[in-house]
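In order, the protein sequences belong to chains A and B.
Numbering follows the numbering used here, in which position 96 of the first sequence is assigned residue number 96; successive positions increment by one, without gaps.
Numbering follows the numbering used here, in which position 39 of the second sequence is assigned residue number 1039; successive positions increment by one, without gaps.
Everything labelled a hint here was simulated from the structure, so no lab data went into it.
Please note that a few of the clues may not be correct.
[To be verified] Heads up, simulated DSSO-like pairs for lysine-lysine below, C-alpha to C-alpha not over 30 Å straight-line:
id, chain 1, residue 1, chain 2, residue 2
1, A, K36, B, K1057
2, A, K106, B, K1009
3, A, K51, B, K1009
4, A, K96, B, K1009
5, B, K1009, A, K70
6, A, K36, A, K96
7, A, K59, A, K36
8, B, K1057, A, K51
9, A, K70, A, K96
10, A, K36, B, K1009
11, A, K70, A, K106
Only a predicted model underlies this, so the values are computations on that prediction, with no experimental measurement involved.
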Amino acid sequence: GQQVMQIPQYQHVQEGEDFTTYCNSSTTLSNIQWYKQRPGGHPVFLIQLVKSGEVKKQKRLTFQFGEAKKNSSLHITATQTTDVGTYFCTTSGTYKYIFGTGTRLKVLA
Amino acid sequence: DSGVTQTPKHLITATGQRVTLRCSPRSGDLSVYWYQQSLDQGLQFLIQYYNGEERAKGNILERFSAQQFPDLHSELNLSSLELGDSALYFCASSVGPEGAQTQYFGPGTRLLVL
């Protein structure tokens, strides 16, 4: 079945450093969505990517969908303490919603 | 606040028991999704309802069942509970039935089975 792997599982960075999480699939994805879950909170939608090679930016966050639509990345420039949380990628296979394993980000002030 | 409400917030029960979790979607949303999140685990999709009908099924155990009522609220029933069922259960809602929909998550129900 379709699986979505995320790396790294954990990442500790100093405030001001950059951070990147990667989402990889063994099969071609029709779409990819990114969610953020703060500690003790619920997932919150960040962005959706649909087109091959698509790049979208939200302030310090840059999202990319691979050319082959099998991988995606989320890059945060100059992390802040408010970026703490777990970042999930997800895709909707045929009638199933598959979430990646998540990358837990800790930002050290 | 996502507009999705879930009750109760916390639930403590014993093995073998049955519980019901409730979810009210955002106003106007017709799809409801249920997810299970175990400690330090990702989100496991359980089931989706759209406008009262089951739309998609994930890794939902036979001991679990769900339904969506005419007023669009949904209930997730968990029976013959086991210790391993202890988890955070999220409900999410979206406007339509299709896969690539933004899902709005509720605050979750934390279930502890002792």
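Hint by hint, here is what the structure shows:
Taking the CA atoms of K36/A and K1057/B, the gap is near 24 Å; set against the 30 Å cutoff, the hint holds. With a CA separation close to 26 Å, the supplied pair K106/A and K1009/B stays within the 30 Å bound. Simply put, K51/A and K1009/B have alpha-carbon atoms about 38 Å apart, too far for the 30 Å limit, and the pair is violated. For the proposed pair K96/A and K1009/B, the alpha carbon gap of about 26 Å is at most 30 Å, so the pair holds.
For the suggested pair K1009/B and K70/A, the alpha carbons sit about 37 Å apart, so the restraint of at most 30 Å is broken. Among the hinted pairs, K36/A with K96/A is consistent with the structure: their alpha-carbon atoms are about 20 Å apart, no more than 30 Å. Taking the CA atoms of K59/A and K36/A, the gap is near 15 Å; set against the 30 Å cutoff, the hint holds. Of the supplied pair hints, the one linking K1057/B and K51/A holds, its CA atoms being roughly 27 Å apart against a limit of 30 Å.
At most 30 Å may separate the alpha-carbon atoms for a hinted pair to count; K70/A and K96/A meet this at roughly 17 Å. Among the hinted pairs, K36/A with K1009/B is consistent with the structure: their alpha-carbon atoms are about 20 Å apart, no more than 30 Å. At most 30 Å may separate the alpha-carbon atoms for a hinted pair to count; K70/A and K106/A meet this at roughly 27 Å.
The earlier numbered hints that this structure contradicts are 3, 5.
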